[in-house]
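Chemist: We have chain A already, so just place chain B on it with the hints.
For reference, the chains in residue letters:
There are 2 protein chains.
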Amino acid sequence: MNEELFSSVEKIKHCITEYNEGMALGVHPYEIADLLVEIAELDKSVYQGLLEILPHILLAEVLVELPKPLQEEFYAEHGAKELAQLTQELDTDDAADLIQHIEVVDETKAGAILNNLPSEDRDTIEELISYNSNEAGAYMQVELFDAHIDETIGDSIKRLKHMKAHNEVSNIHHVFVVSDKKKFLGMIPLEDLILHGPKEYYKDIIEAEGKITVSVNDSDEIKSVVETVSNYDLSVIPVVNKKGTLLGRITSDDIYDIIEEEATDQLYHLAGVNDKAEQEESLWKVGKSRGIWLGLNLVTAIVASLVIGLFDSTIQSLVALAVLMPIVASMGGNAGTQTLTVTVRQMALGDIDLDEAKETIYKEVVVSLMNGMIYAIVMGLIAYWWFALPMLGVVIGAAMVINLLSAGFFGAVIPLGLKRFGIDPAIGSTVLLTTVTDVVGFFSFLGLATMILL
Amino acid sequence: MNEELFSSVEKIKHCITEYNEGMALGVHPYEIADLLVEIAELDKSVYQGLLEILPHILLAEVLVELPKPLQEEFYAEHGAKELAQLTQELDTDDAADLIQHIEVVDETKAGAILNNLPSEDRDTIEELISYNSNEAGAYMQVELFDAHIDETIGDSIKRLKHMKAHNEVSNIHHVFVVSDKKKFLGMIPLEDLILHGPKEYYKDIIEAEGKITVSVNDSDEIKSVVETVSNYDLSVIPVVNKKGTLLGRITSDDIYDIIEEEATDQLYHLAGVNDKAEQEESLWKVGKSRGIWLGLNLVTAIVASLVIGLFDSTIQSLVALAVLMPIVASMGGNAGTQTLTVTVRQMALGDIDLDEAKETIYKEVVVSLMNGMIYAIVMGLIAYWWFALPMLGVVIGAAMVINLLSAGFFGAVIPLGLKRFGIDPAIGSTVLLTTVTDVVGFFSFLGLATMILL
Chain A
1 MNEELFSSVE
11 KIKHCITEYN
21 EGMALGVHPY
31 EIADLLVEIA
41 ELDKSVYQGL
51 LEILPHILLA
61 EVLVELPKPL
71 QEEFYAEHGA
81 KELAQLTQEL
91 DTDDAADLIQ
101 HIEVVDETKA
111 GAILNNLPSE
121 DRDTIEELIS
131 YNSNEAGAYM
141 QVELFDAHID
151 ETIGDSIKRL
161 KHMKAHNEVS
171 NIHHVFVVSD
181 KKKFLGMIPL
191 EDLILHGPKE
201 YYKDIIEAEG
211 KITVSVNDSD
221 EIKSVVETVS
231 NYDLSVIPVV
241 NKKGTLLGRI
251 TSDDIYDIIE
261 EEATDQLYHL
271 AGVNDKAEQE
281 ESLWKVGKSR
291 GIWLGLNLVT
301 AIVASLVIGL
311 FDSTIQSLVA
321 LAVLMPIVAS
331 MGGNAGTQTL
341 TVTVRQMALG
351 DIDLDEAKET
361 IYKEVVVSLM
371 NGMIYAIVMG
381 LIAYWWFALP
391 MLGVVIGAAM
401 VINLLSAGFF
411 GAVIPLGLKR
421 FGIDPAIGST
431 VLLTTVTDVV
441 GFFSFLGLAT
451 MILL
Chain B
1 MNEELFSSVE
11 KIKHCITEYN
21 EGMALGVHPY
31 EIADLLVEIA
41 ELDKSVYQGL
51 LEILPHILLA
61 EVLVELPKPL
71 QEEFYAEHGA
81 KELAQLTQEL
91 DTDDAADLIQ
101 HIEVVDETKA
111 GAILNNLPSE
121 DRDTIEELIS
131 YNSNEAGAYM
141 QVELFDAHID
151 ETIGDSIKRL
161 KHMKAHNEVS
171 NIHHVFVVSD
181 KKKFLGMIPL
191 EDLILHGPKE
201 YYKDIIEAEG
211 KITVSVNDSD
221 EIKSVVETVS
231 NYDLSVIPVV
241 NKKGTLLGRI
251 TSDDIYDIIE
261 EEATDQLYHL
271 AGVNDKAEQE
281 ESLWKVGKSR
291 GIWLGLNLVT
301 AIVASLVIGL
311 FDSTIQSLVA
321 LAVLMPIVAS
331 MGGNAGTQTL
341 TVTVRQMALG
351 DIDLDEAKET
361 IYKEVVVSLM
371 NGMIYAIVMG
381 LIAYWWFALP
391 MLGVVIGAAM
401 VINLLSAGFF
411 GAVIPLGLKR
421 FGIDPAIGST
431 VLLTTVTDVV
441 GFFSFLGLAT
451 MILL
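Line by line, the protein sequences give chains A and B.
For the first sequence, the UniProt record's numbering assigns the number 454 to the last residue and increments by one with no breaks.
For the second sequence, the UniProt record's numbering assigns the number 454 to the last residue and increments by one with no breaks.
Chain A with its partners taken away, still in its complex shape (with noise of 0.2 Å):
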């Protein structure tokens, strides 16, 4: 065994003695993952032993750490019976997650695990499954920790006590106050709940500090469920369903997640590439999946060949034209995508909003005009030197001002537009975006080279 193999090794048996001895707050599931990793890497027998001695509990927080291929080789080499065990110590949000990936590459498991389950857990899990992956409920835990506002705090702690022994729950910080059929009626900080005797009545707290009210529906997008959370600099949200019936919480570290996840897709989307087939383990389904949008692109870009096919006569007449078109067309292109990654982003942070639609178009008109006057004199006159063409410079010049002013234009009325009929403003927007400035940039070269020039 190498030295860093023997170290490693090393650090995941002292995780595991000071788990065994109950000195639990110490033990990272992340570290004891990343670890693994590198023992995987190195010698995957000694890995797999490993993975058999951790204690249960722990196993099953380390397996959701995992780096995907490996926890799909574990669940590929046990038992529906197995799995059904570590599920149930998971959080039910985690829980949730796994079942959902091994339902991916194994329906029958997955369905065999659920089956494993007590019905309680099953139902729950069913439950949070059923959620569509854009609603608050799909990324909710229902383990929280819950007071009736009759009830004392030492009553409440005695059972917080009782859970925390039995590893029910873990990262309170508040406690969910509830009335009768456990309707929401507000959090409290603990750091709150210390201040007062145990034998004080939940309802005097409230009545003494107030409460944090604050909650979103289970059918919230997840989008406005993160503009929530930090807009109100909470660390946690209670989640409700129609009638205000508590039903679980998000916790910081799925808003964490979640705002990493939306900013790749937007970034991915911006660039013709979907995040999920990204994460596909064949080059095939990769390259299918960033082939279709190279499709859509190469059908904008024969449009734009058309265009300048119109003006093939003149191309022939004056080689120039041939040489210089491109500039236009790129220049169209990078200020209507500054303009559209602007607009898209602002519109994602809630910066933008569609009553501003008129402003932001103002905006960003006036900012593409001005740099294509500055941009269209600059290259007029490299034109007109280069080709000692007075003419060539005009025509140049104006039609790098008609594309900005264009690409200004629609760099932004494409996004508010698809946000406006409901669609994800930025799938599909920068192929729509350029095929505009494509045409514009040709046609107005060319058209106004046609006029003047012949």
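Be aware that a few hints might be false.
Copies of one chain are not kept apart here, so a pair can be met inside one copy or by any two copies together.
Lysine-lysine pairs mimicking DSS-like chemistry, simulated, CA-CA at most 27 Å apart [as the list claims (entries may be wrong)]:
1. K182 <-> K223
2. K182 <-> K199
3. K158 <-> K199
4. K183 <-> K11
5. K276 <-> K68
6. K211 <-> K11
7. K358 <-> K44
8. K161 <-> K183
9. K223 <-> K243
10. K161 <-> K211
11. K276 <-> K242
12. K158 <-> K358
13. K203 <-> K158
14. K363 <-> K285
15. K358 <-> K68
16. K164 <-> K199
17. K158 <-> K211
18. K161 <-> K199
19. K13 <-> K363
20. K68 <-> K11
21. K44 <-> K363
Honestly, the hints are just simulated from the structure, not real lab data.
Modeler: Frame of chain A; chain B shown alone:
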């Protein structure tokens, strides 16, 4: 007063009443700021009247939630003494932000505010301001709840009660255990405290349950802090100096903002936009910042045109080449952007390391080549059919394979290379890539045409 205005004002008055009665938990500064923005649009004098009647502490918290223009208006209208008083009510991270904000608009006033602060507060804020904006220290707040390892829980809770009563701390969630000289030992969630008796020592809890030892250095890059917090699923992370002394903490609400900002930066850099410049009020400044990138793009577009110029006689004898050549460049540009975007994002998320450069390049080349071959055939047939020239189909097909191959290669190599040299892989990579795909696209297409068709 119209109905909308009346109802917003009533809501704020209700918040003030609740706040004055001590029910601060239910009063959210963000909500009040949101209402105030609405009111400011409807009636500026009502808005200003409401600011006057907001309790001091609440005013400070609401102020930092207002949009920047409204904040700046307030800073301009109030004296350094009053602003210093407000600053004192804020958590240190928000106070430092406020001072830095004022510094940008009016440096003298920022200095005057600092001079009006008690020397201890001034020292803290000056220290926080002195960090670089990409350092962990710039995001921390020094308000936290710590306890000495030889202290009893009861004693520490007494201190916490005192601090809470004086509104010195909020969002506690964890106690940070320190040894002599404030050396950080580990943190314990408040919920674990609740389970122990007031006479127990922190030493005992740590011996029984362990402690969370994750921490970051004040000079650590904020990017890596976000990664740690997200990997370890934390809602707060302690910040220590090189000696291990506890300096402060970074909470989840800051992490949300940082993740959003990093993603915006990436998205913007890829499109040649600068986030800071975009926030300027003056359209001239926004345009200037974007114009610099457009200027760079103009240079690369001219380089591509020079390549076309090499083949002007070829184009003259076959204008179809001018019609088709943008297709080759466009497909290369798009395939390259797909690769570039995925590589940049995966590096930012820590999913690709420089160690895996070879695998990444291999994958991207294979995927690009695959699509290159498919669309080479498609486009070859289209060109053959369009211009009734079989060899023109062969030329454009071959040029597309060459250009998509190089797009895949350079789309991966450019960001990996920039990172290798310590440059942010998102900055400038798009311009570099476009230069490559334009030059290779035009050169291969027109070069092959010259060799084969003439």
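Chemist: Indicate, hint by hint, whether the structure satisfies it.
Modeler: These are the hints, each one checked on the structure:
no., hint, in the structure
1, K182 <-> K223, "within (26 Å within a copy, 40 Å between copies)"
2, K182 <-> K199, "within (22 Å within a copy, 35 Å between copies)"
3, K158 <-> K199, "both (12 Å within a copy, 18 Å between copies)"
4, K183 <-> K11, "between (46 Å within a copy, 24 Å between copies)"
5, K276 <-> K68, "within (13 Å within a copy, 37 Å between copies)"
6, K211 <-> K11, "between (44 Å within a copy, 16 Å between copies)"
7, K358 <-> K44, "between (60 Å within a copy, 23 Å between copies)"
8, K161 <-> K183, "within (23 Å within a copy, 30 Å between copies)"
9, K223 <-> K243, "within (22 Å within a copy, 41 Å between copies)"
10, K161 <-> K211, "both (23 Å within a copy, 18 Å between copies)"
11, K276 <-> K242, "neither (31 Å within a copy, 41 Å between copies)"
12, K158 <-> K358, "neither (58 Å within a copy, 57 Å between copies)"
13, K203 <-> K158, "both (18 Å within a copy, 23 Å between copies)"
14, K363 <-> K285, "between (41 Å within a copy, 12 Å between copies)"
15, K358 <-> K68, "between (46 Å within a copy, 21 Å between copies)"
16, K164 <-> K199, "both (21 Å within a copy, 20 Å between copies)"
17, K158 <-> K211, "both (22 Å within a copy, 23 Å between copies)"
18, K161 <-> K199, "both (16 Å within a copy, 17 Å between copies)"
19, K13 <-> K363, "neither (61 Å within a copy, 36 Å between copies)"
20, K68 <-> K11, "within (23 Å within a copy, 49 Å between copies)"
21, K44 <-> K363, "between (59 Å within a copy, 24 Å between copies)"
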